[in-house]
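K.L.:
Listed below are the residues making up each chain.
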Amino acid sequence: MSATRTRRRRRIPAALLAPAVIGLAFLILPLAGLVVRAPWTELPARLAEPEMLAALRLSLVTATAATALSLLFGVPIAWLLARGDFPGRSVLRALVTVPLVLPPVVGGVALLLVFGRSGIIGAPLYERFDLTIPFTTTAVVLAMTFVSMPFLVVSVEGALRGADTRFEEAAATLGAGRWTVFTHVTLPMVAPGVLAGAVLCWARALGEFGATITFAGNFPGTTQTMPLAVYLALQSDLEAAIVLSLILLAVSVIVLASLRDRWTAAP
Amino acid sequence: MDGRTVNAERQPQTGAAGLDAHLVVERDTGGRGRDESGFRLELRLRVAPGETVALLGPNGAGKTTALRALAGLEALSDGHIVLNGEVLDRPGPRRGRKRTARSRSPIDASPSDHPGTGVRRPSPDGSEQRGDRWVPPEHRGIGVVFQDYLLFPHLNAIDNVAFGPRRRGLGRTEARAHAADWLDRVGLDGFGKRRPGQLSGGQAQRVALARALATDPALLLLDEPLAALDARTRLDTRAELHRHLTGHPGAAVLVTHDPVDALMLADRLVVIEDGRAVQEGDAESVTARPRTDYIARLVGLNLYRGKASGRTVRLASGTVLTTAEPLGGAEADGEAFAAFAPSAVALYREEPDGSPRNTWRASVAGVHRHGDSVRVQLDGPLRAAADVTPAAAAQLGLEPGQTVWAAVKATEITAYPA
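Chains as they are written, first to last, in the working numbering: chain H, 1 to 267; chain U, 1001 to 1418.
The shape of chain U in the complex, shown without the other chains (with noise of 0.2 Å):
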């Protein structure tokens, strides 16, 4: 069931298997809209087959436009779709910015754009041709977990996973069979005849899941598809779908705030913030090198953006942090980030003598457990995050307002280019 009896045509456009996408979405507020200056994404992105990409960000950052704009729920402004060298989406000179949020296909597009089935017919050339491309989202052969799932109401867990496979010219008995095959698969053998409302949580997302496996999907997207999920479901839902995108042939995005996700079901995350993308990369070097506040908050890392300099960096605040290697890549004076982990600072009442290059005075903000430990914010020149064991804590007697020393080691602070 390759399946995709499509009438858009094959435009072999690179040879590369796998998405190479690059979204440009802009409207004005209203709708969706984030703020009053109006709203816009650029992306690129490049999945191979088989690969999992995570979009990780804020709410509002602009990933789920992404995730719709890939689906072709939304049209671009500007850019391109390319998914295994056919055209999705490439708007033409004509569609411009006037393109809005609420076009979706192709009835709303401009009719010049999109004669007959919402597809031109490419020029044999299509290379060289910018001509306008927009295939509609029925004939993308793109599945979509949605963030609540969608399921039908009125349709069964196994008719909502066969709907897929029906529209795709399969038979009724073998959609079905097929369905049933796929809900086996994702654990739901049994559940076939239940309708939605009388699956729990998890069932539902693994219906979804199913749903939009069951079209052997090229790109397979994932919208928030554990947010709505209590954390012991979430727990058992999340190795089950690594599994499942393990085993995915295809392309996957996902698209999640949530940094655990991220890191446990992708292969390479994108960190988007304001619609536009700020870290890429493995879960390794992302979370060990945040760029950006949001990102380091999620890791648990204070970060800190100053002038490098030798072995130190200095930061904005004046204050001067000194590490104990050089900056990644030697030469680099200049812009640089700085990064510590909360376990790394040790709080003293008195100013501590001794190893600690990096020593400052700072008051206690707020203090509150975190796991085992105890998290104390600290302000002054440098606010930051630290962790200290409850028994160090009751023995400073932490409370707020409180005036502490803190002091970092110098090998616990990584620096590196900003």
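Chain H extracted, bound-state conformation (with noise of 0.2 Å):
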């Protein structure tokens, strides 16, 4: 029985197997060689320094901190591109998603012109409250923010166009306001959604480097996160820029197992 199912089975053209092999190669390789170079004996002294653990440190607030801002306001911008019926949806929807294909170092200058000391922004806060924003932590978590939203509003966005609205009609028969719709009823619906989208979100605001070097700079304990650690360490220590690496590559893996079903299954 499965030996005529295989003989019957097409064969794959060699014209589509040898590029796709060729690709994958490509692709798995360089992260194998990661892992084959890496010092695993060294590996708990080396993650013990101090510079190391203070990227590290820097990288996971920030990270989080950036997904927190995203989740404040991204949630609403998701809902108001969902459920919103006013002109130039489409066009919001554009802008906003806009970060998601900008070169973050662009995105990065952009910022720098708005939060600098005479930027729109950064200009009164300067000179009201003494505030400066580039160069510093926050700077770091604005960056992200900025580059890592759009990918928590998509997500949420589409769980929100999949939700059954009737669910909240059927909330509204029941004496609950708009609010307590979105709360009681839409959020845990979408519950799955918002988490993707905010893991997806971190991981996103975690690998950031174009827009946190333009606007924040690149100061170690301060702004100097994971990526730019180990864009400085090429440099100097290679090694160092392995084990940080290997760190970023095992965050990656995670968050894609954990995402597994919502993106790697097959249609």
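Don't read these hints as lab results, they were simulated from the structure. Just so we're clear, the structure is a prediction, and the values are computed from it rather than from any experiment. Certain hints may be false.
Listed next, the in silico SDA-like pairs over lysine to any residue satisfying Cα-Cα at most 25 Å (straight line) [claimed, not checked]: (1) LYS1409/U / SER1309/U; (2) LYS1193/U / GLY1131/U; (3) LYS1409/U / LEU1229/U; (4) LYS1409/U / GLY1366/U; (5) LYS1193/U / PHE167/H; (6) LYS1307/U / VAL1260/U; (7) LYS1193/U / ALA163/H; (8) LYS1193/U / LEU187/H; (9) LYS1193/U / THR1173/U; (10) LYS1193/U / GLY116/H; (11) LYS1409/U / ARG1369/U; (12) LYS1193/U / ASP164/H; (13) LYS1193/U / PHE182/H; (14) LYS1193/U / THR180/H; (15) LYS1193/U / LEU92/H; (16) LYS1193/U / PRO192/H; (17) LYS1193/U / HIS1154/U; (18) LYS1193/U / ALA241/H; (19) LYS1409/U / ARG1357/U; (20) LYS1193/U / THR1246/U; (21) LYS1193/U / THR183/H; (22) LYS1193/U / LEU1229/U.
Assembly of the complex is requested from the two constituent chains, each provided in isolation within its own frame, with the hints serving as guidance.
P.N.:
Right, dumping it as structure tokens:
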């Protein structure tokens, strides 16, 4: 039975198979190389180094803060895009998703112009409150939020569109106002989408490089996140760069595994 | 727990308790539109407290639209909804016909109509003022049992039922106790911890009923409450539902396309076709004297329309049916219906002689089993369904294409003014 099935199965054309294999090798081998080259024996000692720990800690704190900000502002944006009925909604959606494709460096430059000491927002902040945002940890969080929030918005908007609004109607007939409907029915029902969006957003924030180095600089302890540390270490200490890269790779794999069903399952 | 702590001001419009509605919903095609020319529902509906009215009609007739308008999930284009003296929806002149099918709440409605909470303060002489009024669904005090129940999947049965009481100001513990009480009343004691996914169809239906009733609604709306159930569960659940509807002190409106549900559950039937009421009355009058093909088919009668004169009804095809009694209302010569049951039709191979005054030649269009008898579809001058016994069918050797003589006694035909 299975023999006949195998025989009947169409053979994969070589013209497709060859490039596919080469492409797969190209995607997988570098990562494998990273794992092979890793200084496994000294890994614990390496990880305990203060600069390493500082970068690690800063990355975790800022990425988490950026995710929190994205949730705070991104979920309402997603709701507006999914449920709102106003002119220019599609334009707004396009604008929100621009950072997805925008080179992060450009984002960094834009942020610098707005929040810099002579920027539209930066100038009054500096003059009135003596606050400087660029090249601070706050700038790191803002840069991360700028590039990663669209991931959350897109994910949550998709979840909201997929949710059955009749449940919201049912809640309304039971006496729930709009806000209660949102907190007690809509949000719990799209929770998986929100969670997936948050995880994706967090992973993107963790890997943020271009906007961060442009807008926040590269100061150990305050703005030097892991990707920045990797870049710096490459020039002096290859082993350290590998260790940091390994951590980022591990995080990516974990994130992907946690989103397995949503992102990698075959349709 | 009267509980309708509502910011909607009471505006005693009429002294009448219960529901007084004149529903007009117009919309262009698109969304749920039925045909190219758009859709218009116009329906007058009065339901007394404690009464259950069934809206019966084919799919697309506008039953669900009527229900959604009552619940506040869709706005009226014109007309009014008054429940226990409170105006729930009454479009002002400005609301006009531009309201779309999608409007379901103040946020979608034009902002000028609904400042703030969506409820405009009535003027002291509310009855004179034709101001726009719209009470959002959450302030209407109307309970809805949705067709597929729409139990919140993230809440267990007890929290589903407690959802309404919670919104109406009860504390968590009180609301749960109230919900547990209601689950008990629908016979689901001990099922409180189950999620909707762990309930059978019949159980989910009863949770949905408990959820709707737990807020003590002044008006209970049921949208095809039994449609999703299999035949057996349906029987039990229908009896159960009937008990609760009888016990419900408020008004109830039931939407169904199943005549059995309508007949068994409702005190009064309103038959809707193409957005308007075509017949209204208690079960007996509607089933005995159907006024449309739809309802005649539902109750299993052959129905014809023609011109009455004395004891005869002349159909458009030229066929004349003779009845035993003159048309109800004696003098009435004019448009009339004539109806008879399929079981009243007798079939013969040869032209019969004797008493039946109504005999005609017909060709057999179809033969199939129908309960204990055999249902024969007849074509010819008078298209009709005839029920004969299997023995008779065998004796006649009925098969499609065959020509037979059909006869109906005059006493079996009822005629009534159209």
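K.L.:
Take the hints in turn and mark each one as holding or not.
P.N.:
Hints, verified against the model:
1. LYS1409/U / SER1309/U: 18 Å, holds
2. LYS1193/U / GLY1131/U: 47 Å, violated
3. LYS1409/U / LEU1229/U: 40 Å, violated
4. LYS1409/U / GLY1366/U: Given pair LYS1409/U, GLY1366/U holds - Cα atoms ~23 Å apart, limit 25 Å.
5. LYS1193/U / PHE167/H: OK: LYS1193/U and PHE167/H at ~20 Å, within 25 Å.
6. LYS1307/U / VAL1260/U: Answer violated: LYS1307/U to VAL1260/U is near 31 Å, above 25 Å.
7. LYS1193/U / ALA163/H: 24 Å, holds
8. LYS1193/U / LEU187/H: 21 Å, holds
9. LYS1193/U / THR1173/U: Measuring from Cα to Cα gives roughly 15 Å; hence the hint holds.
10. LYS1193/U / GLY116/H: 56 Å, violated
11. LYS1409/U / ARG1369/U: Holds: LYS1409/U and ARG1369/U sit about 24 Å apart, inside 25 Å.
12. LYS1193/U / ASP164/H: 23 Å, holds
13. LYS1193/U / PHE182/H: 23 Å, holds
14. LYS1193/U / THR180/H: 23 Å, holds
15. LYS1193/U / LEU92/H: 43 Å, violated
16. LYS1193/U / PRO192/H: 22 Å, holds
17. LYS1193/U / HIS1154/U: 12 Å, holds
18. LYS1193/U / ALA241/H: This hinted pair is violated, its Cα atoms lying about 53 Å apart.
19. LYS1409/U / ARG1357/U: 6 Å, holds
20. LYS1193/U / THR1246/U: Status violated; Cα separation ~28 Å.
21. LYS1193/U / THR183/H: 22 Å, holds
22. LYS1193/U / LEU1229/U: 22 Å, holds
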